[in-house]
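Residues per chain are reported as follows:
Protein chains: 2
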Amino acid sequence: MEMSSKLLERAVAEISQLPGIGKRTALRLALHLLKQPKDMTEHLTGAILKMREEIRFCRECHNISDVEVCEICSNLSRDKSVICVVEDIRDVMAIENTGLFKGIYHVLGGKISPIDGIGPSQLNIVTLVEKVKTGVAKELIFALSSTMEGDTTNFYIYKQIKDYNIVLSAIARGIAVGDELEFADEVTLGRSIIHRVPFESSLKNS
Amino acid sequence: MEMSSKLLERAVAEISQLPGIGKRTALRLALHLLKQPKDMTEHLTGAILKMREEIRFCRECHNISDVEVCEICSNLSRDKSVICVVEDIRDVMAIENTGLFKGIYHVLGGKISPIDGIGPSQLNIVTLVEKVKTGVAKELIFALSSTMEGDTTNFYIYKQIKDYNIVLSAIARGIAVGDELEFADEVTLGRSIIHRVPFESSLKNS
Numbered sequence: 023m024e025m026s027s028k029l030l031e032r033a034v035a036e037i038s039q040l041p042g043i044g045k046r047t048a049l050r051l052a053l054h055l056l057k058q059p060k061d062m063t064e065h066l067t068g069a070i071l072k073m074r075e076e077i078r079f080c081r082e083c084h085n086i087s088d089v090e091v092c093e094i095c096s097n098l099s100r101d102k103s104v105i106c107v108v109e110d111i112r113d114v115m116a117i118e119n120t121g122l123f124k125g126i127y128h129v130l131g132g133k134i135s136p137i138d139g140i141g142p143s144q145l146n147i148v149t150l151v152e153k154v155k156t157g158v159a160k161e162l163i164f165a166l167s168s169t170m171e172g173d174t175t176n177f178y179i180y181k182q183i184k185d186y187n188i189v190l191s192a193i194a195r196g197i198a199v200g201d202e203l204e205f206a207d208e209v210t211l212g213r214s215i216i217h218r219v220p221f222e223s224s225l226k227n228s
Numbered sequence: 023m024e025m026s027s028k029l030l031e032r033a034v035a036e037i038s039q040l041p042g043i044g045k046r047t048a049l050r051l052a053l054h055l056l057k058q059p060k061d062m063t064e065h066l067t068g069a070i071l072k073m074r075e076e077i078r079f080c081r082e083c084h085n086i087s088d089v090e091v092c093e094i095c096s097n098l099s100r101d102k103s104v105i106c107v108v109e110d111i112r113d114v115m116a117i118e119n120t121g122l123f124k125g126i127y128h129v130l131g132g133k134i135s136p137i138d139g140i141g142p143s144q145l146n147i148v149t150l151v152e153k154v155k156t157g158v159a160k161e162l163i164f165a166l167s168s169t170m171e172g173d174t175t176n177f178y179i180y181k182q183i184k185d186y187n188i189v190l191s192a193i194a195r196g197i198a199v200g201d202e203l204e205f206a207d208e209v210t211l212g213r214s215i216i217h218r219v220p221f222e223s224s225l226k227n228s
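Going down the list, the protein sequences come from chains A and B. Note that the first sequence covers residues 23 to 228 in this note's numbering. Note that the second sequence covers residues 23 to 228 in this note's numbering.
Rather than coming from a laboratory, the hints here were simulated on the basis of the structure. Be aware that a few hints might be false.
If several chains are the same, the list does not tell them apart, and a pair holds so long as it fits within one copy or across any two.
[What the hints assert, rightly or not] Simulated crosslink set (DSS-like; lysine-lysine; CA at most 25 Å straight-line):
1. K124 with K28
2. K153 with K184
3. K181 with K60
4. K184 with K72
Using the sequences and the hints, build the whole thing.
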């Protein structure tokens with residue numbers, strides 16, 4: 023796309039580096055900003071820059087947090103011995119929204135993915151293993167997505183902690199509540215039969 | 023969406039003000055920037071801010087341009103008497119890509135749209151009418167999208183210039199080259215029959 027302005031061209035090139043945003047969308051966004059008052063662009067870029075510069079991570083669980091120890095980790099009513107292992111803040115938000123989890127989290131910051139150049143050393147794995155070794159953690163709940171990368175990451179952590187006295191679990195996979203069986207994929211349906219639960223417990227929270 | 027960080031929350035709120043970008047996408051983009059080196063965020067926000075601060079518009083056609091008179095308007099081989107009236111730079115880029123138009127453009131900067139609070143005074147209409155009144159323009163080609171807003175804008179301009187000695191035309195609407203008739207909408211197909219062209223001329227540029 024050749025443009026009549028290098029300024030516009032550079033802005034579009036930068037915006038289209040964002041994941042899922044193509045050149046056409048980037049141009050649409052740039053033209054939108056040009057039509058709006060300068061204020062809007064200043065607020066937008068200011069908020070992004072400030073976030074990137076000043077963001078901090080909880081010392082305990084590595085979740086994004088404005089304070090040194092996040093609200094969840096510093097909450098005395100949460101069970102510090104049950105740790106849910108997740109990829110990023112979106113998973114924490116999703117599980118917190120259920121209101122059903124009373125333990126704490128450990129945010130890895132990603133999954134092991136050689137294709138994307140992400141190895142174990144770039145993730146918060148050492149501190150997790152430490153929590154197991156020191157006996158702080160009594161149960162780990164693996165809640166990474168069930169992809170090859172998720173499984174690889176789970177297994178990498180598992181190998182380092184399997185000899186310690188700890189309960190290991192994974193979130194249940196199965197047919198979503200309200201979904202019809204006939205539309206479920208075979209792997210999910212198969213798992214939901216193998217990992218069936220006692221009927222009485224299936225009535226909880228329904 | 024409640025987040026564990028006000029910094030993140032504010033950035034997501036700002037990003038999701040962009041058209042077509044919801045809260046979920048905004049969060050994904052913000053987390054992407056947090057995973058990348060600070061450089062990337064600085065380049066992105068720098069390019070956007072610089073564009074918004076320093077952008078200029080061609081004195082003649084009002085298209086976005088880094089110089090006072092854009093490349094098209096200052097090109098001596100272009101016919102200054104044939105003016106194609108378009109909405110914004112995307113239309114200019116699309117028509118330029120065909121390589122078939124040798125006239126110049128007049129960029130309105132939008133369409134009349136009372137719903138969006140855009141009246142004629144916010145568009146570059148006065149200078150267009152001036153070009154007609156002074157006799158600089160011999161033909162205007164209306165190339166706005168055929169929506170209610172486009173038609174309203176065309177008609178608003180038409181009323182002001184209809185008494186002057188000028189050829190008025192509109193880009194041809196019809197079945198796209200290569201498209202099957204059976205899949206065309208009725209309005210388009212109807213127009214393509216009413217505005218049929220001599221067979222010999224239909225062979226050009228095929």
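Which holds for K181 with K60 at a C-alpha limit of 25 Å: within a copy, between copies, both or neither? Neither, since 54 Å and 34 Å both go past 25 Å.
Is the C-alpha distance from K184 to K72 at most 25 Å within one copy, between copies, in both cases, or in neither? Neither, since 41 Å and 54 Å both go past 25 Å.
Measure nothing new, just compare the shortest in-copy and cross-copy C-alpha distances for K153 and K184 to 25 Å and report within, between, both or neither. Classified as within: same-chain Cα gap 13 Å, cross-chain 80 Å, threshold 25 Å.
As a check of your reading, is K124 near K28 (CA-CA no more than 25 Å) within one copy, between copies, both or neither? between (53 Å within a copy, 23 Å between copies)
In this structure, the hints that do not hold are numbers 3, 4, in rising order.
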